[in-house]
Amino acid sequence: MAAIDILGLAKTYSVGFWRKKPKCALQPLHLSVEAGEIFGFLGPNGAGKTTTLKLLMGLVFPSAGSARILGMEINDPQMKARIGFLPEQPYFYDYLTATELLEYYAQLSGVAAKERSRKVSEVLARVGLPDVGGMQLRKFSKGMLQRVGIAQAILHDPQVLFFDEPMSGLDPIGRREVRDLMEQLKQQGKTVFFSTHILSDAESLCDRVAIIHLGELRGVGAVADLTSSVQGQVEVVWQGNLVPASLKAFATECHGTGDTTRAVVPEANQDAVIDALRRERLRIVSVIPVRTSLEEYFVLKLKPSEAAAGVRS
Amino acid sequence: MKPSRPVTVTASVLLAVCMLASVLILRRLDHMRRGATLQEVLYLSSPKVLKRLSLGYDGLLADIYWTRAVQYFGGKHFAGAQSYDLLAPLLEITTALDPHLTVAYEFGANFLAPKPPNGAGMPERAIQLAEYGIRSNPDDWHLYYNLGFIYYMELRDYSHAADAFARGAAVPSAHPFLRIMAAQMAQHSGERRMAQMMWATTYQSTQDPNVRANAVTHLRALQVDEDVTNLERLVSRYREQAGHLPSSFSDLQAVDLLAAIPTDPTGHTYKLMPDGHVEVRVPDDLPFIQKGVPPGYKPPPPKFLPSD
Amino acid sequence: MRSVRIAHIASNTFREAVRDRVLYNLIAFAVLMSGAAILVGQISIGIERLVVINLGLTAVSLFGMVIAIFIGIGLVSKEIEKRTLYTVLSRPVQRWEFIVGKFFGLVGTLVVNTFFMAIGVFVALLWVSRRFQMADGWVLVALYFIVLQFLIITALALLFSSFSSPLLSAVFAFSLFVIGSFAEDLRGFAAMAQGAARWLATGTAYLVPNFSTLNVVSSVAHGQPVAAQLVFSNTLYALVYAGMAVSGAVLIFEHRNLK
Chain A
1 MAAIDILGLA
11 KTYSVGFWRK
21 KPKCALQPLH
31 LSVEAGEIFG
41 FLGPNGAGKT
51 TTLKLLMGLV
61 FPSAGSARIL
71 GMEINDPQMK
81 ARIGFLPEQP
91 YFYDYLTATE
101 LLEYYAQLSG
111 VAAKERSRKV
121 SEVLARVGLP
131 DVGGMQLRKF
141 SKGMLQRVGI
151 AQAILHDPQV
161 LFFDEPMSGL
171 DPIGRREVRD
181 LMEQLKQQGK
191 TVFFSTHILS
201 DAESLCDRVA
211 IIHLGELRGV
221 GAVADLTSSV
231 QGQVEVVWQG
241 NLVPASLKAF
251 ATECHGTGDT
261 TRAVVPEANQ
271 DAVIDALRRE
281 RLRIVSVIPV
291 RTSLEEYFVL
301 KLKPSEAAAG
311 VRS
Chain B
1 MKPSRPVTVT
11 ASVLLAVCML
21 ASVLILRRLD
31 HMRRGATLQE
41 VLYLSSPKVL
51 KRLSLGYDGL
61 LADIYWTRAV
71 QYFGGKHFAG
81 AQSYDLLAPL
91 LEITTALDPH
101 LTVAYEFGAN
111 FLAPKPPNGA
121 GMPERAIQLA
131 EYGIRSNPDD
141 WHLYYNLGFI
151 YYMELRDYSH
161 AADAFARGAA
171 VPSAHPFLRI
181 MAAQMAQHSG
191 ERRMAQMMWA
201 TTYQSTQDPN
211 VRANAVTHLR
221 ALQVDEDVTN
231 LERLVSRYRE
241 QAGHLPSSFS
251 DLQAVDLLAA
261 IPTDPTGHTY
271 KLMPDGHVEV
281 RVPDDLPFIQ
291 KGVPPGYKPP
301 PPKFLPSD
Chain C
1 MRSVRIAHIA
11 SNTFREAVRD
21 RVLYNLIAFA
31 VLMSGAAILV
41 GQISIGIERL
51 VVINLGLTAV
61 SLFGMVIAIF
71 IGIGLVSKEI
81 EKRTLYTVLS
91 RPVQRWEFIV
101 GKFFGLVGTL
111 VVNTFFMAIG
121 VFVALLWVSR
131 RFQMADGWVL
141 VALYFIVLQF
151 LIITALALLF
161 SSFSSPLLSA
171 VFAFSLFVIG
181 SFAEDLRGFA
191 AMAQGAARWL
201 ATGTAYLVPN
211 FSTLNVVSSV
221 AHGQPVAAQL
231 VFSNTLYALV
241 YAGMAVSGAV
251 LIFEHRNLK
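Residue numbers (this note's numbering), protein chains in the order written: chain A, 1 to 313; chain B, 1 to 308; chain C, 1 to 259.
There's no promise every hint is true.
A short, non-exhaustive set of chain C residues, derived as facing chain B with CB atoms under 10 Å [stated by the list, open to error]:
hint, residue
1, A170
2, V171
3, F174
4, S175
Some chain C residues judged to face chain A by a derived CB distance under 8 Å, without partners named [claimed, not checked]:
hint, residue
5, E16
6, T84
7, N257
Hints are computed from structural coordinates only; laboratory data are not their basis.
For clarity, every value in this text was computed on a predicted model and none was experimentally measured.
Glycine included, C-beta positions come from ideal geometry on N, C-alpha and C.
Using the sequences plus the hints, can you model the full thing?
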């Protein structure tokens, strides 16, 4: 059974005060996330990521389509007890302490009274805030608040987790820790659905990703599939600066770096290139299929001008 | 996911039921606390204190108190009340908050001075109010007229009335009647003419529907009094000529004493009684009449205000 | 389970308000009351009780109204702005439970606040008249009516907060407070108007909250008793009116896209 099933979910807002004009925030979206996956939801700012998450959380009502989480309807309270949600850049009740806040959330999620304080201190330790439970949240830094946000999402041991931009506001160490945390959650068999516009986070972490732009799904698949030899080329590196004449005909790219030379050739010509190098008795250092980075794939899927505005890696 | 239907339905039903119930309870509370707002006047009867408490919004507060005064008098009058204790303080507060609200002085002259049930029966307070109005608005001839009106109608004090009218006549753009009234006051002759002229002036110069209705009622009553006097004079002349009382107004027509069968201001014909008296058909419709009523007739409380 | 969640939301609202130094207004109130008690004791012989009751109860009402409006208008919009609402509604909490919980939380805050202010009024009363009288019991009734006013204004602030910006909500709520205090005069104006204006004014007069029926400060200051019937009907009125406004808030909030 899929953990998350999105069936044609779409949202059109009316904008403007006087003359309402429809503005499409999300085109009909079909997406299925398997249980136990880490699923990355990628797109530049304003692509429709947050809208999709709000639709899934029942904060916004869809114009069309439906979705199921853990096989249950979106407004099913039973389902809601089994999911966790981290909104984008959360702030919390300023005058509560972290412990009080998490206790409150535990109450709302229906965590049994005797387990509450244990779970709260556990989860605070887990997000790296073991010593500040008694501090009021208005004294927290942005990164600390982000950790509290993650803590409240995983507090009640949910099956499916939704994170909206979980790395934002974190320093490199914090990002590393959140990445580790998501890995742990996956190992515990949880499903993680997170949105990001930072591709490197997704590349190293996700089983699968979806790319969304201007409210429209542009591609979905395993990171390995998407980044595999899209262009069907191999990179050949050998020692020395000599380039065989026959090779020059195939190479799309060829340049020397110090005492080695690197050339990119079509996969179909791989054997011919190797033969040519051998004939010249050149020592081959490596032959690797060219993998496009996720970023290159991303740029490919977005129009160049649009991509430049929203993407950084 | 759609908005929850049970919640929507429950909330809508609850909203409708609560709205209905709140209106019903409010009506119940109205009955329970009839005139409760006016109780405040008793607690805060000092116009000066109120003016200070109004924090500069005295114009608005004056309008509110003016509304309260009209509501108070109208409501009590409609219920046939015999006393109007709060009318004077309400008008005094209104005019203290806004001394230029001339309708309030006019209302006071017309309804503060007359005896119950036509008014509060406080001519002294009415005169105080009118004098205060004149001090605050010395260039408004209406206020002198109001003052003279009180002196004449309620107190029959011709010299003070003449004085008031004379002062009013000196105001630029004063109504020319004021000069005539001042002169007539000095002679204090022709009471009915005088009264007719005054009520007609009131009728012409007012904007207030209550005051206007009151003036019309008085003018009608004066008309009836005049008609009855004239008719009875004709009847006695007929008797002198014919040696017996006429059996109907047609007898008067036959000898050319009367051109047509006379009708009262409500459109009914007058009755000729066997003893030679003239009566109106429905005396209840003509408050304030002094003549033309059956012997021993007790008038009901006059309803000269537009009923609400 | 449902009522437990509402209670949790309510108690969290209360705690947040208390921590937000809402109760600091009690200090200002205490200063006002003690100043008034000392001053009137010296200058207004014979009407000390009158002044203390009038001033005290008016201050209780105004302080509470200001708190109700300024916290009430932020109850929903602040939670959206800080996105705490998202973390609440992604739990097994229904939208109406959130609204109802918020309502009770703020009402609770106001009740506690009024309780302390009431103590202040009675202390000042004791100070100026040296002993309590039977008639002072009616002050309690007046205080109860003031709490009923808070019930209504809180519900209204919440209603406006459920669809409007905080500033507009404050303007709406405050206007209704003023209009509602003159509801009976509005009906007076209506009676004098004609035609469509009359219907409009009468309808408005019945629809706006009637705060004057809940205001017995002047009569209580004069030691006049309050009829049991009035206590009963006023209670019913406040509950029904608050119920109406909260239902409206739920209805709007239930259908709202939380952009």
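Each hint, compared with the structure:
Residue-level restraint check for A170/C is violated (minimum Cβ-Cβ distance to chain B is 20 Å; threshold 10 Å). Hint on V171/C is violated. Least Cβ distance to chain B is approximately 18 Å, over the 10 Å limit. Against a cut-off of 10 Å between C-beta atoms, the interface hint on F174/C is violated, since the closest Cβ of chain B lies about 15 Å away. Because the smallest distance between the Cβ of S175/C and any Cβ of chain B comes to about 14 Å, over 10 Å, the interface hint for this residue is violated.
Because the beta carbon of E16/C sits about 5 Å from the nearest beta carbon in chain A, less than 8 Å, this interface hint is met. The interface hint given for T84/C is met, as the beta carbon of that residue sits about 6 Å from the closest beta carbon of chain A, less than 8 Å. For N257/C, the suggested interface contact is upheld, since its CB lies about 5 Å from the closest CB of chain A, less than 8 Å.
Against the hints set out earlier in the document, violations occur for numbers 1, 2, 3 and 4.
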